[in-house]
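Work the whole structure out from these sequences, hints included.
Protein chains: 2
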Amino acid sequence: MELIDGKAVAAQIKLELAEEVKKIKAAGGKTPHLAAILVGHDGGSETYVASKVKTCEEIGFKSSLIRFEDSVTEAALLQQVIALNNDTDVDGFIVQLPLPKHISEQKVIETIDYRKDVDGFHPINVGRMSIGLPCFVSATPAGIVELLRRYQIDTQGKHCVVLGRSNIVGKPMASLMMQKSNPGDSTVTVCHSRTKNIKDLCLQADIIIAALGSPEFLTADMVKPGAVVIDVGTTRVPSDKTKSGFKLTGDVKFEEVAPKCSFITPVPGGVGPMTIISLMKNTLLAGKKAIHFA
Amino acid sequence: MELIDGKAVAAQIKLELAEEVKKIKAAGGKTPHLAAILVGHDGGSETYVASKVKTCEEIGFKSSLIRFEDSVTEAALLQQVIALNNDTDVDGFIVQLPLPKHISEQKVIETIDYRKDVDGFHPINVGRMSIGLPCFVSATPAGIVELLRRYQIDTQGKHCVVLGRSNIVGKPMASLMMQKSNPGDSTVTVCHSRTKNIKDLCLQADIIIAALGSPEFLTADMVKPGAVVIDVGTTRVPSDKTKSGFKLTGDVKFEEVAPKCSFITPVPGGVGPMTIISLMKNTLLAGKKAIHFA
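Sequence order for the protein chains is A and B.
Anchor point for the first sequence: position 147 equals 146 in numbering that gives the first Met the number 0, and the numbering is continuous, going up by one each time.
Anchor point for the second sequence: position 136 equals 135 in numbering that gives the first Met the number 0, and the numbering is continuous, going up by one each time.
I should point out that these hints are in silico values taken from the structure, not numbers from a laboratory.
Every residue, glycine too, gets a C-beta built ideally from N, C-alpha and C.
Mixed in with the good hints there might be a few duds.
Taking beta-carbon pairs under 8 Å as the criterion, some of the chain A residues facing chain B (in silico) [said to hold, decoys possible]:
hint: 1; residue: 155
hint: 2; residue: 156
hint: 3; residue: 186
hint: 4; residue: 187
hint: 5; residue: 195
Which residues of chain B face chain A? A few of them, derived with a C-beta cut under 8 Å, are [unchecked claim]:
hint: 6; residue: 0
hint: 7; residue: 127
hint: 8; residue: 132
hint: 9; residue: 133
hint: 10; residue: 164
hint: 11; residue: 190
hint: 12; residue: 195
Below, the structure written as structure tokens:
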């Protein structure tokens, strides 16, 4: 069994990105600039955004943080989105989700200029990914594909079972794994809450991507010997063993599943660290106008 | 075994659409207007477009046919697309594919205003379908979903195996069948040329949607008793028994598969007739501004 070390891969990519930014700057090019809009004071969102800003600094990107209180109107938020669309110095930007209930997340997402949509949530980017065209792929699926690539995991003709059909992980993951590409070219099965024989299906899988948000859902009896297991779950489970009072828990019962696998990602330190770094890669692509140049 | 009579369903929907158009006109509303651009003189394309124009007339839609020779430049074609985008009388339009090799189909598709993209090929419509938002669903997948609905075939929690991963059938079909909707809510497996154990997977399927374009690929030994089989194949196979010299052949070996099925579509007369009628439904939706009203 080999542990997929997302933390190490992310650190390596960070160095690669920093190197490329250095070269761009040395050649007189523009410093890539990521902006983030943060509404309110949700603990998770604060942490994520702070981490994104910090990673920008480490890589050499310019970053901007725009804050609103929870009481901000949808109109005011949309106005800010449009301002960032029109700001030629900003290469890409994100609106940290979730948003307060009085604001339509979908409306906000669709107002973002798809050429600056480094989160890859705009329907144009989702559609282009499905068709197999260049696009911003959302960060978590992109990070998983990058892990498969760096660990040279053979995916062609393999049976990949995706657990979960969320718009931000399950569906795009299925879409990427079935494309004629490498990684990709897998036979793909998508399971979800309505699936009846999930254990039978998992037992057939060469690759399992677990993104249900259901702590320790995948147990050893559901996994074929030699399978590759990617754990996307990050549920905060109460714990008296940590200072924070909770423990980040994946969708995989790691201790019993790991010995059966050829490769497995831990939680934390697997998929998680790849998410922010994938956003950074998208920002660099946006800065270079490498995806959408129309 | 029950035969899914696509011809009869299409005829029924045609009456329903004609009835609705009559009401719209009686209330002083605008007559829905579908335009089609046809480049060159490909036999298949001529037939399809002629059939679309005829169906428009039967339903009471206005239709326009714009023809170009094979030698038309991409720029001239794009100019025509933009003219239709700006023509307020045209509710929806299609550019009949395939196009000559010197023209980028993708560029043409992406130039179409997505609000008039009744073929549902624009990335925005593809992306919105994946996310589960209102959109124009492309005609063949929409027609198949409509058949499942009209025959009240239970899809929730069923295992649906899609054979083929084309952008116009396989991928959208998978996307629709996994949505939280009815029809939909299925466990979905997508098989394709790289799939190794396609027979094993088909044998597990409650619903098989065959869209490989491989004549008589699906044989009786690959089908579980009681399965629902939808045949999307329409390959022209040479035949000395028909006047035309060819026979339209599906992906399913009908004679031997049919007796094992609970429901099956024939070729011709199954999915085929639903395709044009789905385009007509999209045109009516476009005329009513029912999907994209932004």
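Worksheet item: Does the interface hint hold: is residue 156 of chain A within less than 8 Å of chain B, judged Cβ to Cβ?
Response: Holds: closest Cβ of chain B sits about 4 Å from residue 156 of chain A, inside 8 Å.
Worksheet item: At a threshold of 8 Å, is the proposed contact between residue 127 of chain B and chain A supported by beta-carbon distances?
Response: holds, 5 Å
Fill in: Per-residue hint verdict: residue 195 of chain A, partner chain B, C-beta under 8 Å
At about 5 Å, which falls below the 8 Å cut-off, the nearest Cβ of chain B leaves the hint on residue 195 of chain A intact, so it holds.
Discussion item. Given a cut of 8 Å on the nearest C-beta pair, is the interface hint for residue 132 of chain B held or broken against chain A?
Written reply: Residue 132 of chain B check passes; min Cβ-Cβ to chain A is 7 Å, inside 8 Å.
Worksheet item: Holds or violated: is there a CB of chain A closer than 8 Å to the CB of residue 190 of chain B?
Response: holds, 6 Å
Discussion item. Residue 187 of chain A was flagged as interface toward chain B. Is the shortest Cβ-Cβ separation under 8 Å?
Written reply: holds, 5 Å
Worksheet entry | Hint check: 8 Å Cβ-Cβ cutoff, residue 195 of chain B to chain A | holds, 5 Å
Practice prompt. May I ask you to test the interface hint for residue 133 of chain B with respect to chain A, counting a Cβ-Cβ separation under 8 Å as satisfied?
Written response: Violated. Min distance 11 Å.
Worksheet item: Is the hint on residue 164 of chain B kept, meaning its closest Cβ partner in chain A is under 8 Å away?
Response: This hint holds: residue 164 of chain B lies near chain A, its Cβ roughly 5 Å from the closest one there, short of 8 Å.
Fill in: Hint validity - residue 0 of chain B Cβ closer than 8 Å to any chain A Cβ
Residue 0 of chain B check fails; min Cβ-Cβ to chain A is 24 Å, beyond 8 Å.
Item to complete: Have a go at the residue 186 of chain A hint: is there a Cβ in chain B nearer than 8 Å to its own Cβ?
Response: Status holds, d = 4 Å.
Fill in: Satisfaction of the residue 155 of chain A interface hint, Cβ to chain B closer than 8 Å
Constraint on residue 155 of chain A satisfied, holds at 6 Å.
Hint compliance for this structure: hints 6 and 9 are not met, and every other hint is.
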